[in-house]
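Novice: Chain by chain, the residues run as shown.
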Amino acid sequence: MALSTEPGLSAAIGGGSGSVSKSRDGQAASMPTRAFVPDPYLDLARYQADADLLTLSFGPQHPSTHGVFRAVLYLDGEIVVKAVPYVGYLHRGVEKLCEKLSYSNVTPILDKNDYVSPMCNEQAANLAFEKLLGIEVPLRAKFLRTLLAEMQRVASHLLWLGTFAIDLGGALGGGTSVFMYCFRERELILDLFEELTGCRFHYNTHCIGGNRHDIPAGWPKLVHETLGTIDARLDDYLGMLEHPIFVDRTRGIGTLDAELALELGLAGPLARASGIDHDLRRDAPYHIYDQLDVRVACESGGDCWSRYKVRLDEMRESIRLARLLVDNVPAGPISASKPLTNVTQFKITTGQTYVAIESPRGELGTWVIAGGKGTSPLRMKIRPPSLHALAAVPYLFPRYTLSDAVAILGSLDPIMGEADR
Amino acid sequence: MADLLANPWLRGLLQGALLITVMMTAVAWISWFERKFAGRVQSRLGPTMVGPSGLLQPLADALKMFQKQELIPSAADSLLFRLAPPLALFLALGGAAVLPITQGMLASDLDVGVLYVLAFSGLLAFPIWMAGWSSSNKYALLGGMRMVAQGISYEIPMVLAALVPVVVTGSLSLSDIVTYQATHHWLVLWPPGLGLIAFIIFFTMALAEGNRIPFDIPEAESELVAGPATEYTAIRFGLIASAEYVHSLITCAFASTLFLGGWDGPFLPPLCWILIKTVGLFVLITWLRWSLLRVRSDQLMALCWKYLVPLSLGILLLTGAFIQWVG
Chain A
1 MALSTEPGLS
11 AAIGGGSGSV
21 SKSRDGQAAS
31 MPTRAFVPDP
41 YLDLARYQAD
51 ADLLTLSFGP
61 QHPSTHGVFR
71 AVLYLDGEIV
81 VKAVPYVGYL
91 HRGVEKLCEK
101 LSYSNVTPIL
111 DKNDYVSPMC
121 NEQAANLAFE
131 KLLGIEVPLR
141 AKFLRTLLAE
151 MQRVASHLLW
161 LGTFAIDLGG
171 ALGGGTSVFM
181 YCFRERELIL
191 DLFEELTGCR
201 FHYNTHCIGG
211 NRHDIPAGWP
221 KLVHETLGTI
231 DARLDDYLGM
241 LEHPIFVDRT
251 RGIGTLDAEL
261 ALELGLAGPL
271 ARASGIDHDL
281 RRDAPYHIYD
291 QLDVRVACES
301 GGDCWSRYKV
311 RLDEMRESIR
321 LARLLVDNVP
331 AGPISASKPL
341 TNVTQFKITT
351 GQTYVAIESP
361 RGELGTWVIA
371 GGKGTSPLRM
381 KIRPPSLHAL
391 AAVPYLFPRY
401 TLSDAVAILG
411 SLDPIMGEAD
421 R
Chain B
1001 MADLLANPWL
1011 RGLLQGALLI
1021 TVMMTAVAWI
1031 SWFERKFAGR
1041 VQSRLGPTMV
1051 GPSGLLQPLA
1061 DALKMFQKQE
1071 LIPSAADSLL
1081 FRLAPPLALF
1091 LALGGAAVLP
1101 ITQGMLASDL
1111 DVGVLYVLAF
1121 SGLLAFPIWM
1131 AGWSSSNKYA
1141 LLGGMRMVAQ
1151 GISYEIPMVL
1161 AALVPVVVTG
1171 SLSLSDIVTY
1181 QATHHWLVLW
1191 PPGLGLIAFI
1201 IFFTMALAEG
1211 NRIPFDIPEA
1221 ESELVAGPAT
1231 EYTAIRFGLI
1241 ASAEYVHSLI
1251 TCAFASTLFL
1261 GGWDGPFLPP
1271 LCWILIKTVG
1281 LFVLITWLRW
1291 SLLRVRSDQL
1301 MALCWKYLVP
1311 LSLGILLLTG
1321 AFIQWVG
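As given, the protein sequences belong to chains A and B, one line each in that order.
Heads up: the first sequence is residues 1 to 421, going by the working numbering.
Heads up: the second sequence is residues 1001 to 1327, going by the working numbering.
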């Protein structure tokens, strides 16, 4: 690992304040050689901190910080020289709360973590509990969980696409149009979830040992119709988005190389956009993913454009998988455990486990240490992919303009609910 | 009455009052139209609650703006901060004075009408910059800086493109230009090809001038919150917003006067034609706004300086040659 600050980076910004396009050209040549920058910040010695740089507190109350993310940006004109991210504005003490709750009461709390894909939070936690308890989930529940996870991935990526378009196109313009379309389609999936679970957002449908809600009559047909509609409409968005402005705003912007991505512990679409062909659904299958042929979308550019491409391909793949799954759900019980009568029904006195699933944002892990009285976890650690994505901010923002910083942050798809927990 | 109107001061005052009333009413309707249009583009309804089809929505918005408490940041430069929005509206409205609405129906037939309109709309960068600078807010400051950077970029190709009709007609007076078009050719078609390119350059740069997507870089809601208008509240915010609409509308009217023959057209009365053309161009602006994304500041500068300035210079030269040798 090259630990010296290589010349490429300082040359990229070395053009001075007025040479935006020059630095852009410069970085294209220097980026591939960059392995790892020990100090992510650009050479601040060149500047008089008080005189040359504008300190901009970007967030937590800002339209484009995807909630309450905050970064202090040091700007040379429009170019970001240094970015310091701050998280924690949405900290609710979820992990500590879990230590006070019984195992079966943890699930609804976790719904609020990654509030764009609540199903996946439930899935990750319940998988860990089931592993500790040694419960085997019935096949029908496995199918159902996989199906819901894939549908949730489509809904989550739709929301991402919409907000990313807003980041690029402004709240009063073409970006909003794409946003509205994406939300319209996401609503269709939420409608399906509502039909299944009775809730549109915080489902609480996974429970230890299986699922709480069975598939209602006629639901599979609706799934087919909805996913078919979304699949067809995705092409419309491509027509609306992939014009020269969008390409110019995303290609070569926020380049993240594979080595840095690994170093930062990135997973999911971000890592795959940087050329790391890794997907837990294929590489460490859970539920019934080992029976599925998951085609993993992978790009090598590492820029906003690649991240966009990866997520779009993932959406299509998830639609394909969901349509495949919904036809093949086997008959049988949906839960291995008895209906809940007592919240302290599940007792685990010893052991610990780490379970990771592929959430729409990457590797969502749950580490549970059992102990104490056995009715609630002694310690529960959640590994949120968004937090790791935000760790890339100091490396990605510098040498791009403020406008690009917004686009880069959007392409990271952070959900502050899970990053801050 | 007749001798009252003979007094040039009184006449000017009346005409000005009439013009302002008409423009501000038009802005109210146009903003309703844009919101409805945006609604339809985004498969929703737009305003529906106030009045039939939400027609009274602009009125309700204006009333709301007037009622709101106005906050002026203690760190702001109070005088400039207060002055900027009315100045913006004044400069936006000023251009309307020389626009020939129909033959003989214009407030003032200036000999240098083209320059006058270009000067007024070019000055519009100043109140925006004032607003950004005096707010003592970093987002507003960045927005103001962007406005200035944008101003020096779009202005040159825009003026060069606007000179093409001037070269063809040999007059800077807008009513002369329209009369020429009524008797000869519309200037979007003449000189063949060149006129169309000049029109496209002019119209694109007019989008940049009016802070319209894809060039609403100074405002850039997703980056700069609201750009120079970040700290503004109540009616001063309303003034900035309506200045933008007035400016868009006047630019559309100006473009149709310069290139699309103004009030000239078959069958319908002249007033209808100028309205149809202006509103048509406004629909185009709106359509672009609700379907495109925003470019970056440096991309706009590159577009203007690297491509449009040489292109519009070339067009101007070719037009001169065309007039010299073809006629």
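I should point out that these hints are in silico values taken from the structure, not numbers from a laboratory.
Fair warning: there could be bad hints in the mix.
[Claimed, not checked] Residues on chain A that point at chain B, a partial pick, calculated with CB under 8 Å:
hint	residue
1	Q48
2	A51
3	E78
4	F246
5	V247
6	V406
[Unchecked claim] Across the chosen pairs, the derived CB separations fall in these ranges:
hint	chain 1	residue 1	chain 2	residue 2	range
7	A	E242	B	L1318	32 to 38 Å
8	A	Y86	B	L1071	55 to 61 Å
9	A	V72	B	W1305	56 to 62 Å
10	B	I1152	A	A284	40 to 46 Å
11	B	L1056	A	F201	54 to 60 Å
12	B	L1071	A	R92	30 to 36 Å
13	A	Y86	B	I1156	53 to 59 Å
14	A	N328	B	L1196	45 to 51 Å
15	B	G1051	A	Q345	58 to 64 Å
[Claimed, not checked] DMTMM-like, lysine to aspartate or glutamate: derived pairs with alpha carbons at most 25 Å apart:
hint	chain 1	residue 1	chain 2	residue 2
16	B	K1036	B	D1061
17	A	K112	A	D248
18	A	K112	A	D235
19	A	K309	A	D214
20	B	K1306	A	D214
21	B	K1138	A	E136
22	B	K1306	A	D236
23	A	K131	A	E95
24	A	K100	A	D52
25	A	K112	A	D76
26	B	K1036	A	D248
27	A	K373	A	D191
28	B	K1138	A	D76
29	B	K1306	A	E95
30	A	K221	A	E263
31	B	K1036	A	E187
32	B	K1068	B	E1034
33	A	K373	A	D283
34	A	K373	A	E194
35	A	K221	A	D191
36	A	K221	A	D283
Please read these numbers as outputs of a predicted model, since none were measured by experiment.
Cβ atoms here follow ideal geometry from the backbone N, Cα and C, with glycine treated the same way.
Novice: For the pair supplied as a hint, A:K373 and A:D191, is the alpha-carbon distance within the 25 Å limit?
Specialist: Outside the cut-off at roughly 40 Å; violated.
Novice: Within 58 to 64 Å: is that where the Cβ-Cβ distance between B:G1051 and A:Q345 falls?
Specialist: Hint holds: Cβ distance 59 Å, inside 58 to 64 Å.
Novice: Does 53 to 59 Å hold as the CB distance between A:Y86 and B:I1156, or does it fail?
Specialist: 42 Å, violated
Novice: Within a Cα-Cα threshold of 25 Å, do B:K1036 and A:D248 meet the stated pairing?
Specialist: 30 Å, violated
Novice: Hey, B:K1306 versus A:D214, does the alpha-carbon distance stay inside 25 Å?
Specialist: Distance of about 62 Å is beyond 25 Å: violated.
Novice: Quick check: does the Cβ-Cβ distance between B:L1071 and A:R92 fall within 30 to 36 Å?
Specialist: 32 Å Cβ-Cβ, so the 30 to 36 Å window holds.
Novice: Against the range 40 to 46 Å, how does the distance between the Cβ atoms of B:I1152 and A:A284 compare: consistent or not?
Specialist: 56 Å, violated
Novice: Given the hinted pair B:K1138 and A:D76, is their alpha-carbon gap at most 25 Å?
Specialist: Satisfied, since the Cα-Cα distance of roughly 13 Å is no more than 25 Å.
Novice: With a cut-off of 25 Å on the C-alpha distance, tell me whether A:K112 and A:D248 pass.
Specialist: Since the Cα atoms of A:K112 and A:D248 sit roughly 36 Å apart, the hinted pair is violated (cutoff 25 Å).
Novice: Quick one, is the A:V247 hint okay against chain B at 8 Å, beta carbons?
Specialist: Violated: closest Cβ of chain B sits about 10 Å from A:V247, beyond 8 Å.
Novice: 54 to 60 Å was suggested as the range; check whether the CB atoms of B:L1056 and A:F201 agree with it.
Specialist: 35 Å, violated
Novice: That 32 to 38 Å hint for A:E242 and B:L1318 (C-beta), does it hold up?
Specialist: Since A:E242 and B:L1318 have Cβ atoms about 34 Å apart, the given range 32 to 38 Å holds.
Violated hints for the displayed structure, listed by number in ascending order: 1, 2, 5, 8, 9, 10, 11, 13, 14, 17, 18, 19, 20, 21, 22, 24, 25, 26, 27, 29, 30, 33, 34 and 36.
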